[in-house]
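Trainee: Please build the complete structure, drawing on both the sequences and the hints.
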Amino acid sequence: MKLALGPSLYYWTREKLREFYEEIAAAPVDIVYLGETVCSRRHIMRLQDWLEVAKMLAAAGKEVVLSTLTLIESESDLKSLRRITENGEFAVEANDMGAVHLMANRLPFIAGPCLNIYNPQTLHLIASLGARRWVMPVEMSHKALLPLQQSRPTGMETEVFSYGRLPLAFSSRCFTARFHNLPKDDCRFLCIDDPDGKTMHTREGKPFLVINGIQTQSALMYNLLGDMDSLRNGGVNVMRISPQSKHTAEIVRLFRDCMEQRISPEIAMRQMAQVMPEAACNGYWHGNPGMGQKVSTCAMQQE
Amino acid sequence: MPPEYKLELVCPAGSLPALKVAVDNGADSVYIGFRDDTNARNFTGLNFDMDSARAGVEYAHAKGAKVFLALNTYPQAHGWERWKRAIDGAAGNGMDAIILADPGLMQYAMKTHPQLHLHLSVQGSATNYEAINFYHEYFGIKRAVLPRVLSFAQVEELSAGTPVELELFGFGGLCVMVEGRCSLSSYVTGESPNNCGVCSPPKAVRWQKNAAGLESRLNGVLIDRYADNENAGYPTLCKGRFEVEGETYYTMEEPTSLNTLELLPELLRVKIRGLKIEGRQRSPAYVGQVTRVWREAIDQCVKNPKGFSVKPAWTAELSKVSEGQQHTLGAYHRPWK
Numbered sequence: 001m002k003l004a005l006g007p008s009l010y011y012w013t014r015e016k017l018r019e020f021y022e023e024i025a026a027a028p029v030d031i032v033y034l035g036e037t038v039c040s041r042r043h044i045m046r047l048q049d050w051l052e053v054a055k056m057l058a059a060a061g062k063e064v065v066l067s068t069l070t071l072i073e074s075e076s077d078l079k080s081l082r083r084i085t086e087n088g089e090f091a092v093e094a095n096d097m098g099a100v101h102l103m104a105n106r107l108p109f110i111a112g113p114c115l116n117i118y119n120p121q122t123l124h125l126i127a128s129l130g131a132r133r134w135v136m137p138v139e140m141s142h143k144a145l146l147p148l149q150q151s152r153p154t155g156m157e158t159e160v161f162s163y164g165r166l167p168l169a170f171s172s173r174c175f176t177a178r179f180h181n182l183p184k185d186d187c188r189f190l191c192i193d194d195p196d197g198k199t200m201h202t203r204e205g206k207p208f209l210v211i212n213g214i215q216t217q218s219a220l221m222y223n224l225l226g227d228m229d230s231l232r233n234g235g236v237n238v239m240r241i242s243p244q245s246k247h248t249a250e251i252v253r254l255f256r257d258c259m260e261q262r263i264s265p266e267i268a269m270r271q272m273a274q275v276m277p278e279a280a281c282n283g284y285w286h287g288n289p290g291m292g293q294k295v296s297t298c299a300m301q302q303e
Numbered sequence: 001m002p003p004e005y006k007l008e009l010v011c012p013a014g015s016l017p018a019l020k021v022a023v024d025n026g027a028d029s030v031y032i033g034f035r036d037d038t039n040a041r042n043f044t045g046l047n048f049d050m051d052s053a054r055a056g057v058e059y060a061h062a063k064g065a066k067v068f069l070a071l072n073t074y075p076q077a078h079g080w081e082r083w084k085r086a087i088d089g090a091a092g093n094g095m096d097a098i099i100l101a102d103p104g105l106m107q108y109a110m111k112t113h114p115q116l117h118l119h120l121s122v123q124g125s126a127t128n129y130e131a132i133n134f135y136h137e138y139f140g141i142k143r144a145v146l147p148r149v150l151s152f153a154q155v156e157e158l159s160a161g162t163p164v165e166l167e168l169f170g171f172g173g174l175c176v177m178v179e180g181r182c183s184l185s186s187y188v189t190g191e192s193p194n195n196c197g198v199c200s201p202p203k204a205v206r207w208q209k210n211a212a213g214l215e216s217r218l219n220g221v222l223i224d225r226y227a228d229n230e231n232a233g234y235p236t237l238c239k240g241r242f243e244v245e246g247e248t249y250y251t252m253e254e255p256t257s258l259n260t261l262e263l264l265p266e267l268l269r270v271k272i273r274g275l276k277i278e279g280r281q282r283s284p285a286y287v288g289q290v291t292r293v294w295r296e297a298i299d300q301c302v303k304n305p306k307g308f309s310v311k312p313a314w315t316a317e318l319s320k321v322s323e324g325q326q327h328t329l330g331a332y333h334r335p336w337k
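Chains as they are written, first to last, in my numbering: chain U, 1 to 303; chain P, 1 to 337.
Treat the hints with care, since some could be wrong.
Chain U side only, calculated, beta carbon under 7 Å to chain P, not exhaustive [claimed, not checked]: (1) 89; (2) 96; (3) 97; (4) 122; (5) 171; (6) 286; (7) 288.
Simulated pairs of lysine-lysine, DSBU-like, Cα-Cα distance not exceeding 30 Å [claimed, not checked]: (8) 143(U) / 203(P); (9) 79(U) / 142(P); (10) 206(U) / 203(P); (11) 84(P) / 143(U); (12) 16(U) / 246(U); (13) 16(U) / 198(U); (14) 20(P) / 84(P); (15) 246(U) / 294(U); (16) 311(P) / 6(P); (17) 79(U) / 271(P); (18) 294(U) / 203(P); (19) 63(P) / 311(P); (20) 20(P) / 6(P); (21) 311(P) / 143(U); (22) 271(P) / 142(P); (23) 209(P) / 206(U); (24) 6(P) / 271(P); (25) 55(U) / 16(U).
Just so you know, these hints were derived from the structure itself, not from any lab. In this text, a Cβ means the ideal position worked out from N, Cα and C, and glycines have one as well.
Mentor: In structure tokens form, the structure reads like this:
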């Protein structure tokens with residue numbers, strides 16, 4: 001199995017991004033997805049800047065993929081999208097059918113987690129258009145994945161979102177701007193002050209969701225480290241870790257150590273608990289509500 | 001666009017009586033679903049079986065109206081045969097179009113029943129013309145229903161880039177999130193619109209009265225708490241009150257309904273093909289009331305678009321059936337975002 005680092009979902013400063021990806025260049029991750037996937041207004045990094053990061057990471061031996069925006073609403077969003085699909089150098093993760101339309105039958109691409117590929121027929125269709133890897137929708141279970149794996153098109157790789165705050169919903173409304181009582185068009189880019197988003201608690205004080213601009217995430221950390229055996233046995237090729245502002249390289253190392261069986265998932269989970277901002281959940285993988293947490297029996301046995 | 005442009009009023013029906021009321025009150029088209037998880041309003045006691053669907057089609061056709069079948073959830077492998085049968089059933093009983101979101105199903109429908117008209121569901125999350133043209137190029141879709149996230153200027157820009165007819169939501173429940181890209185419900189309850197055709201399902205709802213007030217919970221998660229003087233609303237989880245950095249407020253959206261009556265002249269100018277009313281889960285009385293108001297408003301606007309203004313009586317009538325008795329233009333009006 002390979003390890004991938006998903007695109008950073010937050011709005012970070014250039015300095016933060018530079019430090020972050022320099023650290024990642026040295027971290028034991030095989031694939032790095034780059035680019036702004038959440039908000040078209042975020043502009044600190046232009047495509048040229050992302051390409052520079054991409055080259056640096058490629059020189060460090062990483063497979064680099066440019067990810068496209070998930071919600072494409074305007075002609076200017078489409079222009080940015082075309083610049084990415086026509087970059088000519090790096091592979092592209094399509095996060096909207098508009099992106100698939102631009103890539104189809106032209107260049108191999110990666111089908112992102114928001115394309116809603118839920119059945120073998122759709123997976124075959126997307127493969128016939130040129131996808132060489134697909135990312136399973138986050139709400140899909142291990143059991144629902146199996147039939148897609150069993151009839152998987154030749155050469156198709158399967159990637160599973162395996163660590164981080166779950167990207168649960170996209171809106172055209174910016175919830176960060178709403179928090180500040182500002183219209184989205186005058187948002188003042190205040191999401192840059194929240195490098196891991198803003199936590200939304202229930203009225204009895206339980207962490208529930210996280211606001212990240214137009215995106216809503218889980219407050220709990222989706223974590224399939226303890227389920228690694230079932231991913232491996234299910235023929236999953238790539239586990240995706242979603243960046244957080246702190247400790248991401250450490251999380252990557254723990255996943256890698258576990259993958260190469262240098263430590264048991266049980267021990268890795270215990271070490272990870274020190275650096276996770278909230279408790280873990282893995283409900284989706286087990287066919288339960290996403291916020292649920294089931295302790296894997298495999299992990300217990302290995303201990 | 002065909003030379004004879006007409007804005008169709010597309011009304012919801014969760015039962016045969018609702019379908020008849022919609023047709024009798026002036027719906028140009030009615031959309032329905034089968035009684036299972038093949039559609040996004042999979043509620044107990046709602047929807048059609050094959051016989052009532054056939055009766056509905058006969059009734060509508062006799063009065064010059066059309067019927068669309070919503071098959072707009074995403075089948076997983078174990079359910080594939082059921083969705084396939086639903087498509088075959090639709091083809092067999094004279095549906096005027098089927099509304100699909102899943103690309104695999106679209107391919108099946110196109111190959112197996114080439115005569116069937118395909119509409120792209122709002123659950124397909126197509127918010128730009130490149131996405132819509134993808135479904136047009138590969139599956140020949142006739143119409144696309146747009147997610148409730150675009151401003152009207154964006155809708156107009158999009159319409160210039162595609163030959164596909166566009167349908168917009170005009171009235172009813174307001175999804176704050178991009179349809180087809182929201183898993184909030186399954187995160188809490190295990191069931192989502194994409195896979196199960198439900199959002200914040202009733203079986204996960206619990207009401208509790210205690211010292212702090214009346215509490216609504218979804219699978220144990222506190223969605224809202226009401227003081228004695230507040231009206232309690234259904235705990236759709238994006239319309240609850242939560243706390244962010246010490247402030248408790250409707251973090252995502254207030255309980256409110258979409259109402260675009262005042263945009264009618266603009267919809268006609270841009271030649272939007274379908275004006276969709278939300279609410280297959282609502283009663284025949286709701287369907288009748290809302291259809292009547294919109295029929296009258298559309299007819300007046302077509303007659304005299306420049307002199308069109310929203311009658312206070314229409315708004316009053318619609319307010320009676322709105323969620324939270326509030327209206328919004330939603331994303332069509334840019335400052336909402």
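Trainee: Against each hint, give a clear statement of whether it holds in the structure.
Mentor: Going down the list of hints, with the structure as the test:
Interface restraint check for residue 89(U): the shortest CB-CB distance to chain P comes to about 22 Å, outside 7 Å, so the restraint is violated. Nearest Cβ of chain P to the Cβ of residue 96(U): about 6 Å, under the 7 Å cut. The hint holds. Restraint check, residue 97(U) versus chain P: the minimum CB separation of about 4 Å is within 7 Å; hint holds. The beta carbon of residue 122(U) is positioned within 7 Å of a beta carbon in chain P (closest approach about 4 Å), and the interface hint is therefore held.
With its C-beta approaching chain P no nearer than about 5 Å, residue 171(U) sits inside the 7 Å limit, and its interface hint holds. The interface hint given for residue 286(U) is broken, as the beta carbon of that residue sits about 10 Å from the closest beta carbon of chain P, more than 7 Å. Because the smallest distance between the Cβ of residue 288(U) and any Cβ of chain P comes to about 6 Å, under 7 Å, the interface hint for this residue holds. Proposed proximity of residue 143(U) and residue 203(P) is supported: the alpha carbons are some 24 Å apart, at most 30 Å.
Restraint check for residue 79(U) and residue 142(P): satisfied, since their Cα atoms lie roughly 26 Å apart, inside the 30 Å limit. Restraint check for residue 206(U) and residue 203(P): the C-alpha separation of about 22 Å stays at or below 30 Å, so the hint holds. Note on residue 84(P) and residue 143(U): the hinted pairing holds, with a Cα-Cα distance of about 21 Å set against a maximum of 30 Å. For the hint pairing residue 16(U) with residue 246(U), the CA-to-CA distance comes to about 11 Å; that is within 30 Å, so the pair holds.
The straight-line distance between the Cα atoms of residue 16(U) and residue 198(U) is roughly 18 Å, inside the 30 Å bound, and the hint therefore holds. For the suggested pair residue 20(P) and residue 84(P), the alpha carbons sit about 27 Å apart, so the restraint of at most 30 Å is met. Our distance criterion of 30 Å between C-alpha atoms is met by residue 246(U) and residue 294(U), whose separation comes to about 25 Å. In summary, the hint linking residue 311(P) to residue 6(P) is supported, as the alpha carbons are separated by about 22 Å, within the 30 Å threshold.
For the given pair, residue 79(U) sits about 25 Å from residue 271(P) by alpha-carbon distance, which is consistent with the 30 Å threshold. For the hint linking residue 294(U) to residue 203(P), the alpha-carbon distance of about 22 Å falls within 30 Å, and the restraint holds. Restraint check for residue 63(P) and residue 311(P): the C-alpha separation of about 28 Å stays at or below 30 Å, so the hint holds. About 22 Å separates the Cα atoms of residue 20(P) and residue 6(P), which keeps this hinted pair within 30 Å; it holds.
For the proposed pair residue 311(P) and residue 143(U), the alpha carbon gap of about 54 Å is over 30 Å, so the pair is violated. A C-alpha spacing of about 15 Å is found between residue 271(P) and residue 142(P), which places the hinted pair at or below 30 Å, so the restraint holds. Taken as a hint, the residue 209(P) and residue 206(U) pair is honoured in the structure, with Cα atoms around 19 Å apart against an allowance of 30 Å. Note on residue 6(P) and residue 271(P): the hinted pairing holds, with a Cα-Cα distance of about 8 Å set against a maximum of 30 Å.
Note on residue 55(U) and residue 16(U): the hinted pairing holds, with a Cα-Cα distance of about 18 Å set against a maximum of 30 Å.
Hint compliance for this structure: hints 1, 6, 21 are not met, and every other hint is.
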